[in-house]
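Based on the provided sequences and hints, a complete structural model is requested.
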Amino acid sequence: MNKIWILAKKDLRLLIRDKTGAFFTFGFPIMYALFFGMIFKNMGGGGPTTMEIIVVDQDQTQASQAFVHKLNESDSTRIVEKNLEEAVELVQKGKKPAYVLIREGYGEAAQNIFGGNPPAFEIGVDPSKRVQSMILEGVLMQHAADNFSRAFSDKDTMSKQIARSRERVTQSEDLNATERVIFSTFFAALDSFMQNAPSGNTTDGEMGGGFGSMTPAVITTKEITQQKTDTGNTFNITFPQSLVWGLMGCAATFGISLVVERVRGTLVRLRMSPISYAQILAGKGLACFICLIAVNGIMLVFGMLVFDLSPNNYPLLVLAILCSSVCFVGIMMLLSVLGKTEASAGGIGWAVLIVMAMLGGGMIPYMFLPDWIKTIASVSPVKWTVIAMEGAIFRGFTLGDMMLPCGVLLGIGVVCFALGARVFRWMES
Amino acid sequence: MAMLELTNLCKSFGDLRAVDDLSLTIETGEVFGLLGPNGAGKTTTIHMATGLLVPDSGTVVLNMQGSPADPEVRANIGVAPQALSLYEELTGQENLDFFGSLQGLSGKGLAQRVEASLEFVSLADRRKDLVKSYSGGMKRRLNIAVALIHEPRIVLLDEPTVGVDPQSRNAIFDNILELKAHGVTVVYTTHYMEEAEKLCDRVAIMDNGKILALDSLPGLINAHGGQSVVILEGPDGEKRIETDHPLDEIVKRKDQSDIASFRVERPDLERVFLNLTGRQLRD
Ligand SMILES: Nc1ncnc2c1ncn2[C@@H]1O[C@H](COP(=O)(O)OP(=O)(O)O)[C@@H](O)[C@H]1O
Ligand SMILES: [Mg+2]
Chain A
1 MNKIWILAKK DLRLLIRDKT GAFFTFGFPI MYALFFGMIF KNMGGGGPTT
51 MEIIVVDQDQ TQASQAFVHK LNESDSTRIV EKNLEEAVEL VQKGKKPAYV
101 LIREGYGEAA QNIFGGNPPA FEIGVDPSKR VQSMILEGVL MQHAADNFSR
151 AFSDKDTMSK QIARSRERVT QSEDLNATER VIFSTFFAAL DSFMQNAPSG
201 NTTDGEMGGG FGSMTPAVIT TKEITQQKTD TGNTFNITFP QSLVWGLMGC
251 AATFGISLVV ERVRGTLVRL RMSPISYAQI LAGKGLACFI CLIAVNGIML
301 VFGMLVFDLS PNNYPLLVLA ILCSSVCFVG IMMLLSVLGK TEASAGGIGW
351 AVLIVMAMLG GGMIPYMFLP DWIKTIASVS PVKWTVIAME GAIFRGFTLG
401 DMMLPCGVLL GIGVVCFALG ARVFRWMES
Chain B
1 MAMLELTNLC KSFGDLRAVD DLSLTIETGE VFGLLGPNGA GKTTTIHMAT
51 GLLVPDSGTV VLNMQGSPAD PEVRANIGVA PQALSLYEEL TGQENLDFFG
101 SLQGLSGKGL AQRVEASLEF VSLADRRKDL VKSYSGGMKR RLNIAVALIH
151 EPRIVLLDEP TVGVDPQSRN AIFDNILELK AHGVTVVYTT HYMEEAEKLC
201 DRVAIMDNGK ILALDSLPGL INAHGGQSVV ILEGPDGEKR IETDHPLDEI
251 VKRKDQSDIA SFRVERPDLE RVFLNLTGRQ LRD
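Those sequence lines, one after another, are chains A and B.
According to this note's numbering, the stretch in the first sequence is residues 1 to 429, in order.
According to this note's numbering, the stretch in the second sequence is residues 1 to 283, in order.
Treat the hints as calculated values from the structure; they're not laboratory data.
Idealized CB from N, CA, C, for every residue including glycine.
Treat the hints with care, since some could be wrong.
[Claimed, not checked] Capping the alpha-carbon separation at 16 Å, the derived lysine to aspartate or glutamate pairs in EDC-like fashion look like this: (1) K19/A to E89/B; (2) K340/A to E428/A; (3) K132/B to D18/A; (4) K9/A to E72/B; (5) K3/A to E72/B; (6) K9/A to E27/B; (7) K19/A to E88/B; (8) K95/A to E428/A.
[What the hints assert, rightly or not] One-sided and incomplete, this derived list gives chain B residues near chain A with beta-carbon spacing under 10 Å: (9) T25; (10) G29; (11) Q82; (12) A83; (13) L86; (14) L102.
Here it is as structure tokens:
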């Protein structure tokens with residue numbers, strides 16, 4: 001153990017000594033994390049593709065069932081029916097982006113187009129998937145309008161609704177430039193779709209003005225997270241994914257440093273010293289682990305000081321940090337065998353990390369991925385790290401809830417380390 | 001007493017036999033030279049002797065204790081690898097501190113050894129500088145110092161003078177003679193025959209993974225060096241006479257007026273190598 005610590009200390013000293021390396025491990029990840037974390041997070045949805053949503057049909061009338069059926073037929077949504085409790089939990093755990101609640105009385109309201117209340121929906125969304133919720137709103141509106149327009153064939157009402165949504169997007173203060181572009185594009189697409197949609201009665205167009213104040217449906221959106229969480233703080237949401245970039249930076253740096261030891265000949269001297277191979281790799285692993293914890297800690301303090309990050313369960317956050325760190329130590333080991341030279345190891349390493357991030361939903365929204373990739377993605381440590389972090393920060397996970405993501409992270413870590421260590425030794429001989 | 005015993009070592013890389021059935025016994029306290037051209041298999045042999053490479057067949061016994069694959073046995077060896085193995089971003093002192101700790105040194109003992117090693121290779125005044133700022137010769141010297149940090153009983157120096165300025169080179173020679181004076185066993189690989197001639201008690205001549213001859217310097221020259229050559233220079237140019245008795249040849253011609261000058265070429269390791277392989281050591 002003493003020897004392992006000596007090895008690790010040397011690596012940490014080298015890391016600090018090497019200004020560029022330290023920057024790429026600490027400074028750069030923070031910048032990278034902040035920048036891309038936000039951009040990628042906000043891209044968690046972004047176009048009209050299939051979205052899996054839960055429908056809670058409390059109305060159970062013919063009208064509500066017909067609506068669900070239609071929703072299911074739509075290309076943009078795939079429906080699972082659940083009761084409200086299950087639905088809330090699934091969204092809370094981040095397993096589904098949103099649920100739609102059809103309250104009792106929908107059937108009645110749907111028929112009362114002229115008088116009374118329009119049909120009402122409640123959408124429960126994961127606050128980290130705001131784009132999906134916007135899309136869902138659009139889809140619901142579209143369907144409701146379909147009903148609506150059966151009487152009036154009023155595309156203009158829909159257009160107005162869309163225009164209003166677009167306006168909301170432009171005015172919304174908590175959206176950044178990227179989000180705005182995404183939303184605007186989406187609504188523009190929806191609008192043009194509406195304009196080109198075949199319609200039985202377009203001459204009624206001018207009547208649109210008269211119905212401008214009427215809405216085909218009232219949609220209330222509710223963010224589903226643990227109640228005491230301040231969901232208004234977007235950094236709570238972007239933090240976990242941001243952190244992943246820091247962890248990946250750290251794994252890449254140390255993975256490359258192992259390649260550097262081999263290329264520059266210091267590994268030869270280490271192996272000629274009276275220490276075992278296992279100790280050499282363990283030393284590197286320990287240094288990487290300490291660095292990962294440091295990156296976590298720095299990001300956390302940074303988030304709390306600068307962004308008012310407010311994790312709602314510190315012990316579980318510590319657990320999440322430990323497990324994801326173990327996982328990324330394993331990934332470091334695996335990265336170290338991917339290239340023969342410093343440059344190739346660096347290049348291949350980052351390529352692998354980026355693919356992992358993509359598979360984990362860190363870049364391309366998870367829901368856009370084909371099913372077979374989603375299956376592969378379930379081994380992406382990025383995905384599980386995000387789940388564990390989110391669980392501790394704002395999803396209100398219990399210890400039991402943490403078992404799955406943490407178990408998977410530890411498993412990935414151990415398997416990757418064992419595999420990497422084996423290949424590393426094999427490459428030596 | 002045998003310090004290092006290599007028996008029937010073989011090592012191939014793919015189709016290439018880098019070391020071919022090599023057997024060697026290195027005695028305690030001697031300076032042993034392994035002389036051969038680039039690619040002869042010297043480094044591969046050193047790597048097997050230190051447990052870095054596992055031989056395809058054959059055995060290595062170190063200090064009568066067993067195989068250097070065992071870390072404890074390995075603690076007896078100090079190695080200065082041919083490829084410099086130093087952390088360029090650490091200072092000379094930090095490198096020594098680190099590798100010394102790995103050897104199990106600590107506290108005052110470590111500090112003393114670091115000090116002594118730095119003095120030994122005359123780097124004490126540059127101890128606080130990063131290794132990357134060192135000259136080639138200084139790096140080579142530090143590479144040797146690291147090998148000596150734990151006062152090993154046997155030191156393996158793999159081409160320790162490659163890329164070194166003449167001054168550092170002489171300093172390294174002095175170091176080796178000093179080690180020898182302290183009873184340390186030294187294995188020295190080189191492709192410079194002058195170094196082997198100057199430093200080594202016994203020399204093994206190696207080519208293509210095999211040992212072609214092994215003896216003391218006079219022994220090698222007697223057996224494989226051939227005759228001395230007397231070279232006479234006159235108006236007609238040089239005249240070479242091969243002989244076992246150069247002095248007689250010169251005395252015989254002491255009255256000849258057409259000899260402007262003469263010199264005698266004694267057989268050396270270069271000639272030994274030429275006679276053994278038909279090739280020059282350096283081409
Ligand atoms: N890891 C390796 N893989 C393939 N070939 C190698 C390896 N190491 C050495 N060789 C080859 O083995 C032969 C002996 O090399 P080496 O022991 O380094 O010679 P020397 O040290 O005498 O110059 C050379 O032909 C070299 O190219
Ligand atoms: Mg060599």
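Do the hints match the structure? See the list:
1. Among the hinted pairs, K19/A with E89/B is consistent with the structure: their alpha-carbon atoms are about 10 Å apart, no more than 16 Å.
2. Between K340/A and E428/A the CA atoms are separated by roughly 11 Å; this keeps the pair inside 16 Å, and the hint holds.
3. The suggested pairing of K132/B with D18/A holds, with an alpha-carbon distance near 12 Å, which does not exceed 16 Å.
4. Our distance criterion of 16 Å between C-alpha atoms is broken by K9/A and E72/B, whose separation comes to about 23 Å.
5. Our distance criterion of 16 Å between C-alpha atoms is met by K3/A and E72/B, whose separation comes to about 14 Å.
6. About 38 Å separates the Cα atoms of K9/A and E27/B, which puts this hinted pair outside 16 Å; it is violated.
7. A hinted pair counts as satisfied when its Cα atoms are at most 16 Å apart, and K19/A with E88/B qualifies at roughly 14 Å.
8. Between K95/A and E428/A the CA atoms are separated by roughly 43 Å; this puts the pair beyond 16 Å, and the hint is violated.
9. With a cut of 10 Å, the hint placing T25/B at the interface with chain A is violated, because the nearest CB-to-CB distance is about 21 Å.
10. Given hint, G29/B at the interface with chain A, is violated; its Cβ is 22 Å from that chain's nearest Cβ, farther than 10 Å.
11. Hint on Q82/B holds. Least Cβ distance to chain A is approximately 9 Å, under the 10 Å limit.
12. For A83/B, the shortest C-beta to C-beta distance to chain A is roughly 4 Å, which falls under 10 Å, so the interface hint holds.
13. Given the 10 Å rule on beta carbons, the hint for L86/B holds: about 7 Å separates it from the nearest Cβ of chain A.
14. Residue-level restraint check for L102/B holds (minimum Cβ-Cβ distance to chain A is 4 Å; threshold 10 Å).
Checked against the numbered hints above, the structure violates hints 4, 6, 8, 9 and 10; every other hint is satisfied.
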